[in-house]
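Participant: Quick note, the sequences are listed as chains A and B, same order. Residue numbering for the first sequence follows the numbering used here, starting at 337 and increasing by one per position. Residue numbering for the second sequence follows the numbering used here, starting at 17 and increasing by one per position.
If you're looking for bench data, these hints aren't it; they were derived computationally from the structure. Note that beta-carbon positions come from the ideal geometry of N, C-alpha and C, so glycine has one too. It is possible that part of the hints are untrue.
Dumping the calculated DSSO-like pairs for lysine-lysine here, alpha-carbon to alpha-carbon at most 27 Å [stated by the list, open to error]: (1) B:31 - B:68; (2) A:378 - B:31; (3) A:430 - B:31; (4) A:404 - A:378; (5) A:450 - A:394; (6) A:407 - A:358; (7) A:378 - A:450; (8) A:378 - A:358; (9) B:38 - A:378; (10) A:430 - A:394; (11) A:450 - A:393; (12) A:393 - A:404; (13) B:73 - B:38; (14) A:358 - A:430; (15) A:450 - A:358; (16) A:407 - B:73; (17) A:404 - B:29; (18) A:430 - A:450; (19) B:73 - A:378; (20) A:430 - A:378; (21) B:29 - A:430.
For the chain A half of the interface with chain B, some residues (derived, Cβ under 7 Å), not all of them [as the list claims (entries may be wrong)]: (22) 355; (23) 376; (24) 425; (25) 440.
Here are a few chain B residues that sit away from chain A, every Cβ distance over 10 Å (derived from the structure) [stated by the list, open to error]: (26) 60; (27) 74; (28) 110.
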Amino acid sequence: GENVEQHPSTLSVQEGDSAVIKCTYSDSASNYFPWYKQELGKRPQLIIDIRSNVGEKKDQRIAVTLNKTAKHFSLHITETQPEDSAVYFCAASKARPIVGGGNKLTFGTGTQLKVEL
Amino acid sequence: AAGVIQSPRHLIKEKRETATLKCYPIPRHDTVYWYQQGPGQDPQFLISFYEKMQSDKGSIPDRFSAQQFSDYHSELNMSSLELGDSALYFCASSLLTHEQYFGPGTRLTVT
């Protein structure tokens, strides 16, 4: 099955700096890569996603890049703010474009991001 | 906008008891997923349903079963509870293969 590795496990940055989190996946058939932000005891919140037919996607201060050949994808957060502090999970799935396919997510092990004042 | 609803939010059970967790997906979403998240761990996929039929199965113990009903809500039934079943249980829903949105979770504590 799919295996997703995520690095680093913890990341501390100064407010205003950029943060980068990297993930690799094993299954070349995976074609959907979401990123979730999770605060302690709360639900994972989808913050951005990318599909395999796109190399990069941006949404304000957040961007995700995908290298299908190398099977890795990264989350970039610019101008970090204290409220960005949380655990970030990458995930991968094979989103089957057929009726009833579904797309179970395989998550990375998470990155604890701390933005210091 | 309506979100995924889960009940109960907290549940305390003793070993060997049973528990039932409920999930109400976002309206018009046709796929429901269940995930288990242990302390300090990533969410692990358990099972999913599309249009009331099981569509995929992950690392779900035989002691657990689930189903999706005609109104699209889903229930996760857990029997012979063990201490190791203590975790956050999330339900997520999606429309076909689109984005998955998670509910607030049910925190199960087995004593």
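Participant: Does each hint hold? Answer for all of them.
Facilitator: Results of checking the hints against the structure:
no. : hint          : verdict
1   : B:31 - B:68   : violated (30 Å)
2   : A:378 - B:31  : holds (25 Å)
3   : A:430 - B:31  : violated (37 Å)
4   : A:404 - A:378 : violated (31 Å)
5   : A:450 - A:394 : holds (22 Å)
6   : A:407 - A:358 : holds (11 Å)
7   : A:378 - A:450 : holds (17 Å)
8   : A:378 - A:358 : holds (23 Å)
9   : B:38 - A:378  : holds (17 Å)
10  : A:430 - A:394 : holds (22 Å)
11  : A:450 - A:393 : holds (24 Å)
12  : A:393 - A:404 : holds (14 Å)
13  : B:73 - B:38   : holds (18 Å)
14  : A:358 - A:430 : holds (19 Å)
15  : A:450 - A:358 : holds (16 Å)
16  : A:407 - B:73  : holds (25 Å)
17  : A:404 - B:29  : violated (45 Å)
18  : A:430 - A:450 : violated (31 Å)
19  : B:73 - A:378  : holds (24 Å)
20  : A:430 - A:378 : holds (26 Å)
21  : B:29 - A:430  : violated (36 Å)
22  : 355           : violated (19 Å)
23  : 376           : violated (10 Å)
24  : 425           : holds (6 Å)
25  : 440           : holds (4 Å)
26  : 60            : violated (8 Å)
27  : 74            : violated (6 Å)
28  : 110           : violated (7 Å)
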